[in-house]
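I would like the entire structure built from these sequences, with the hints used as guidance.
For what it's worth, my numbering labels the leading residue of the sequence shown as 12, then goes sequentially.
By construction, these hints were calculated from the structure, which means they are not laboratory data.
A few of these clues could be false.
[Claimed, not checked] For lysine to aspartate or glutamate, the following EDC-like pairs were computed, each having C-alpha atoms within a straight-line distance of at most 16 Å:
1. K264 with E134
2. K210 with E233
3. K39 with E15
4. K250 with E225
5. K201 with E233
6. K101 with D258
7. K295 with E94
8. K235 with D258
9. K185 with D292
10. K251 with E225
11. K171 with E225
12. K171 with D221
13. K64 with E82
14. K185 with D258
15. K171 with E134
16. K171 with E14
17. K264 with D221
18. K133 with E267
19. K62 with E82
20. K161 with D209
21. K210 with E267
22. K122 with D292
23. K264 with D249
24. K39 with E94
25. K64 with D84
26. K122 with E15
27. K210 with D249
28. K160 with D258
29. K171 with D258
30. K158 with D258
31. K171 with E22
32. K251 with D292
33. K226 with E199
34. K158 with E14
35. K235 with D209
36. K201 with D221
37. K250 with D221
38. K153 with D258
39. K62 with E94
Note that the coordinates shown come from a computational prediction; the quantities given were computed from them, not determined experimentally.
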Amino acid sequence: MIEEYAGLPTEVDVASEFRYRQPIIGPKTGVLVISQSGETADTLAALREAKRKGALTLGIVNVIGSTVAREVDAGIYNYAGPEIGVATTKAFISQLTVLALLALFFGRQRKMSPVTGQRIVKELKNLPALVRAILKQNNEIKKLARKYKKYSNFLYLGRKYNFPIALEGALKLKEISYRHAEAYAAGEMKHGPIALIDKNFPSLFIVPQDSVYEKMISNIQEIKARGGPVIAVATRGDKKIGQMADDVIYIPKTLEMLTPIISAIPLQLFAYHIGTLSGCDVDKPRNLAKSVTVE
Numbered sequence: 012m013i014e015e016y017a018g019l020p021t022e023v024d025v026a027s028e029f030r031y032r033q034p035i036i037g038p039k040t041g042v043l044v045i046s047q048s049g050e051t052a053d054t055l056a057a058l059r060e061a062k063r064k065g066a067l068t069l070g071i072v073n074v075i076g077s078t079v080a081r082e083v084d085a086g087i088y089n090y091a092g093p094e095i096g097v098a099t100t101k102a103f104i105s106q107l108t109v110l111a112l113l114a115l116f117f118g119r120q121r122k123m124s125p126v127t128g129q130r131i132v133k134e135l136k137n138l139p140a141l142v143r144a145i146l147k148q149n150n151e152i153k154k155l156a157r158k159y160k161k162y163s164n165f166l167y168l169g170r171k172y173n174f175p176i177a178l179e180g181a182l183k184l185k186e187i188s189y190r191h192a193e194a195y196a197a198g199e200m201k202h203g204p205i206a207l208i209d210k211n212f213p214s215l216f217i218v219p220q221d222s223v224y225e226k227m228i229s230n231i232q233e234i235k236a237r238g239g240p241v242i243a244v245a246t247r248g249d250k251k252i253g254q255m256a257d258d259v260i261y262i263p264k265t266l267e268m269l270t271p272i273i274s275a276i277p278l279q280l281f282a283y284h285i286g287t288l289s290g291c292d293v294d295k296p297r298n299l300a301k302s303v304t305v306e
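Right under this line is the structure:
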């Protein structure tokens, strides 16, 4: 979002790896750390490394007064309220929303036109209505979970804005249903993971009608040709997907940059229902802690 709408070069790092790669940063670099709790050990270590090298440090944090909130130069609170479940969902959605607002702010400071900015604001204001439309499909998603809970392995695939959402969907399924799930950028599918595909290995595609839609269609055809079951998260009204996928969860249309906020929710619900139908405690998954305080 920040690169496309603000023209700022942006890299995404895993916090636990950041300081060990000797990052080339300095006073002209901004380092944005994201943490629900504000106490995550590896994120704090990355933040302190950035400060040591003189970078501007920014934070997106949910817990007011937390360590990250106190140590960054400036930041934004999520105001999502207390997280009860270990496998955060509302904090993740609010983080995406804050990042969209940040991209909008940076964009308007640089090259973004007022018309584009107003369009993004209008779509952001409409997001609650779109989320409610997805939540109304909760029973259908539960039926889908009941159908697929017999499987032990899942592949999640997305491109561009929705590759990170594939990662989120697979993570949630692992965390709260204890199924093996892995996510790939869909363009990398043929570089290895397609070898796993058979009738017992479902693939979940995030395939809204966006700038990489046709590429995703090609990936679905590759999976179907190998007998793999396909679940698709697709834009409402997309009849082509209905003819190709075994099952479809439809999401409302919005701006491409905001589709991650919409597409994450059915994946979280899908994981939630597989977990509960399997008798798992989805609020307190085994071996997980609410705040990761060691590296």
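Against the structure, the hints come out as follows:
Using a Cα cut-off of 16 Å, the hinted pair K264 and E134 holds, with the two alpha carbons roughly 10 Å apart. With a CA separation close to 13 Å, the supplied pair K210 and E233 stays within the 16 Å bound. Restraint check for K39 and E15: not satisfied, since their Cα atoms lie roughly 20 Å apart, outside the 16 Å limit. Only pairs whose Cα atoms come within 16 Å are accepted, and K250 paired with E225 is accepted, the gap being roughly 14 Å.
Only pairs whose Cα atoms come within 16 Å are accepted, and K201 paired with E233 is accepted, the gap being roughly 9 Å. With a C-alpha separation of about 26 Å, the suggested pair K101 and D258 falls outside the 16 Å cut-off, and the hint is violated. Restraint check for K295 and E94: the C-alpha separation of about 12 Å stays at or below 16 Å, so the hint holds. Between K235 and D258 the alpha-carbon distance is near 12 Å, which keeps this suggested pair within the 16 Å criterion.
Between the alpha carbons of K185 and D292 the distance comes to roughly 13 Å, so the proposed pair stays at or under 16 Å and holds. Distance check on the hinted pair: K251 and E225 sit about 11 Å apart at the alpha-carbon level, within 16 Å; holds. Between K171 and E225 the CA atoms are separated by roughly 13 Å; this keeps the pair inside 16 Å, and the hint holds. Distance restraint check for K171 and D221: the Cα-Cα separation of roughly 10 Å lies within the 16 Å cut-off, and the hinted pair is therefore satisfied.
Distance restraint check for K64 and E82: the Cα-Cα separation of roughly 15 Å lies within the 16 Å cut-off, and the hinted pair is therefore satisfied. For the hint pairing K185 with D258, the CA-to-CA distance comes to about 21 Å; that exceeds 16 Å, so the pair is violated. Restraint check for K171 and E134: not satisfied, since their Cα atoms lie roughly 20 Å apart, outside the 16 Å limit. At roughly 12 Å between alpha-carbon atoms, K171 and E14 fall within 16 Å of each other, so this suggested pair holds.
Restraint check for K264 and D221: satisfied, since their Cα atoms lie roughly 10 Å apart, inside the 16 Å limit. Taken as a hint, the K133 and E267 pair is honoured in the structure, with Cα atoms around 14 Å apart against an allowance of 16 Å. Simply put, K62 and E82 have alpha-carbon atoms about 9 Å apart, close enough for the 16 Å limit, and the pair holds. Restraint check for K161 and D209: satisfied, since their Cα atoms lie roughly 15 Å apart, inside the 16 Å limit.
Annotation: proposed proximity of K210 to E267 is violated, straight-line Cα distance about 32 Å (limit 16 Å). With a CA separation close to 48 Å, the supplied pair K122 and D292 exceeds the 16 Å bound. Under the criterion of a C-alpha separation no larger than 16 Å, the hint pairing K264 with D249 is consistent with the structure, at around 10 Å. Taking the CA atoms of K39 and E94, the gap is about 34 Å. The hint is violated against a cut of 16 Å.
For the given pair, K64 sits about 14 Å from D84 by alpha-carbon distance, which is consistent with the 16 Å threshold. At roughly 10 Å between alpha-carbon atoms, K122 and E15 fall within 16 Å of each other, so this suggested pair holds. For the given pair, K210 sits about 25 Å from D249 by alpha-carbon distance, which is inconsistent with the 16 Å threshold. Of the supplied pair hints, the one linking K160 and D258 holds, its CA atoms being roughly 14 Å apart against a limit of 16 Å.
For a cut-off of 16 Å, the pair hint linking K171 to D258 is broken: about 23 Å separates their Cα positions. Our distance criterion of 16 Å between C-alpha atoms is met by K158 and D258, whose separation comes to about 10 Å. Of the supplied pair hints, the one linking K171 and E22 holds, its CA atoms being roughly 14 Å apart against a limit of 16 Å. For a cut-off of 16 Å, the pair hint linking K251 to D292 is broken: about 37 Å separates their Cα positions.
Taking the CA atoms of K226 and E199, the gap is about 12 Å. The hint holds against a cut of 16 Å. At most 16 Å may separate the alpha-carbon atoms for a hinted pair to count; K158 and E14 exceed this at roughly 40 Å. Taken as a hint, the K235 and D209 pair is honoured in the structure, with Cα atoms around 9 Å apart against an allowance of 16 Å. A distance of roughly 22 Å separates the Cα atoms of K201 and D221; the hinted pair therefore is violated under the 16 Å criterion.
For the hint pairing K250 with D221, the CA-to-CA distance comes to about 15 Å; that is within 16 Å, so the pair holds. Among the hinted pairs, K153 with D258 is consistent with the structure: their alpha-carbon atoms are about 13 Å apart, no more than 16 Å. Distance restraint check for K62 and E94: the Cα-Cα separation of roughly 28 Å exceeds the 16 Å cut-off, and the hinted pair is therefore not satisfied.
The structure fails hints 3, 6, 14, 15, 21, 22, 24, 27, 29, 32, 34, 36, 39 (numbered hints given earlier, in ascending order).
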